[in-house]
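Let's have the full structure, built from the sequences with the hints guiding it.
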Amino acid sequence: MKVLIGGGTGFIGRALTRLLRSRGHEVMVVSRQPGANRITWNELTHSGLPPCEAVVNLAGENIFNPFRRWTETYQKDLLSSRVDTTHILATAIAKATQPPQAWVLVTGTAYYQPSLTAEYDEDSPGGDFDFFSKLVSKWEAAAKLPGGATRQVVVRSGAVLGRGGGAIGHMLLPFRLGLGGPIGSGQQFFPWIHIEDMSGILVHAIENNHVNGILNGVSPASSTTNAEFAKALGAALGRPAFLSLPSPAVQAVFGRERAVMLLEGQKVIPRRTLASGYQYVFPALGAALKQSVS
Numbered sequence: 001m002k003v004l005i006g007g008g009t010g011f012i013g014r015a016l017t018r019l020l021r022s023r024g025h026e027v028m029v030v031s032r033q034p035g036a037n038r039i040t041w042n043e044l045t046h047s048g049l050p051p052c053e054a055v056v057n058l059a060g061e062n063i064f065n066p067f068r069r070w071t072e073t074y075q076k077d078l079l080s081s082r083v084d085t086t087h088i089l090a091t092a093i094a095k096a097t098q099p100p101q102a103w104v105l106v107t108g109t110a111y112y113q114p115s116l117t118a119e120y121d122e123d124s125p126g127g128d129f130d131f132f133s134k135l136v137s138k139w140e141a142a143a144k145l146p147g148g149a150t151r152q153v154v155v156r157s158g159a160v161l162g163r164g165g166g167a168i169g170h171m172l173l174p175f176r177l178g179l180g181g182p183i184g185s186g187q188q189f190f191p192w193i194h195i196e197d198m199s200g201i202l203v204h205a206i207e208n209n210h211v212n213g214i215l216n217g218v219s220p221a222s223s224t225t226n227a228e229f230a231k232a233l234g235a236a237l238g239r240p241a242f243l244s245l246p247s248p249a250v251q252a253v254f255g256r257e258r259a260v261m262l263l264e265g266q267k268v269i270p271r272r273t274l275a276s277g278y279q280y281v282f283p284a285l286g287a288a289l290k291q292s293v294s
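Residue numbering for the sequence shown follows the UniProt record's numbering, beginning at 1 and increasing consecutively.
Note that these hints are calculated values from the structure, not bench results.
Take these hints with a grain of salt, some might be off.
[To be verified] No farther apart than 20 Å at their CA atoms in a straight line, the calculated lysine-lysine pairs in the PhoX-like style are these:
hint, residue 1, residue 2
1, K76, K138
2, K134, K76
3, K2, K95
4, K144, K134
5, K144, K95
6, K231, K290
[Stated by the list, open to error] The following label-pair restraints were derived from C-beta to C-beta distances:
hint, residue 1, residue 2, range
7, P246, L274, 35 to 41 Å
8, L274, K134, 27 to 33 Å
9, G35, A118, 42 to 48 Å
By construction, the Cβ of each residue, glycine as well, lies at the ideal position given by its N, Cα and C atoms.
Here it is as structure tokens:
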């Protein structure tokens, strides 16, 4: 198949491109800059969708950019980088003479309300209680297509682990120095997924006609807390991991509203992902972290 990827130059996009090509598919990336096997967002808007069998959108400004203060401008950038790109792709698909077979969007588990007791699967309510949950709702709404010519899949991703980027990238230095540990109380759930499974779920959604609707892009080890994650990462590096990062420090760096995503968490179950037949490469945290830091 020919697969068009919005935001294909990022951490998930690079892994997805490698996996698709290894399976014999052709990849074209939507990017700000022109180049080989690329189309720009402006070209997509003015010329329409190029011939392809599947479209994936991974585009979005980094939520945890430590160099961006939590301002109204930054919030608008977070929203527009996700909703506007999704709307551009959805509009191009809807107008295409030969629409693709599959349209896959990656959003986030921030859709579900943080809780120390609740358990969420793909049918659980959410999307209406804070900035990030409302962002996910607007993001997913922008992806909706009229009619049934194209199969639609939304993957709500947890923190993505893997070598060379993702959630691990920001944590490695303090943990390697023996300065790592839980964030805040450490009791909050930490929904995570290895990059090989994130890209694997996306290819599974592209290649299989029975896959549709919402999938939770998280590991089956859904009961992982932040403290357990910190301990496991320390063990993978052979370092202690008991120096907790106090909540006020997290709020000072990221702002109170953004810090919620680190200080609070959700227990998210990939019920429909498993029921669709996807088989995880890294279902357990220890093996996922060992590969990520090797």
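Each hint, compared with the structure:
| no. | hint | verdict |
| --- | --- | --- |
| 1 | K76 - K138 | holds, 13 Å |
| 2 | K134 - K76 | holds, 13 Å |
| 3 | K2 - K95 | holds, 18 Å |
| 4 | K144 - K134 | holds, 16 Å |
| 5 | K144 - K95 | holds, 13 Å |
| 6 | K231 - K290 | holds, 13 Å |
| 7 | P246 - L274: 35 to 41 Å | holds, 37 Å |
| 8 | L274 - K134: 27 to 33 Å | holds, 28 Å |
| 9 | G35 - A118: 42 to 48 Å | holds, 45 Å |
Comparing the model with each earlier hint shows no violations; every hint is respected.
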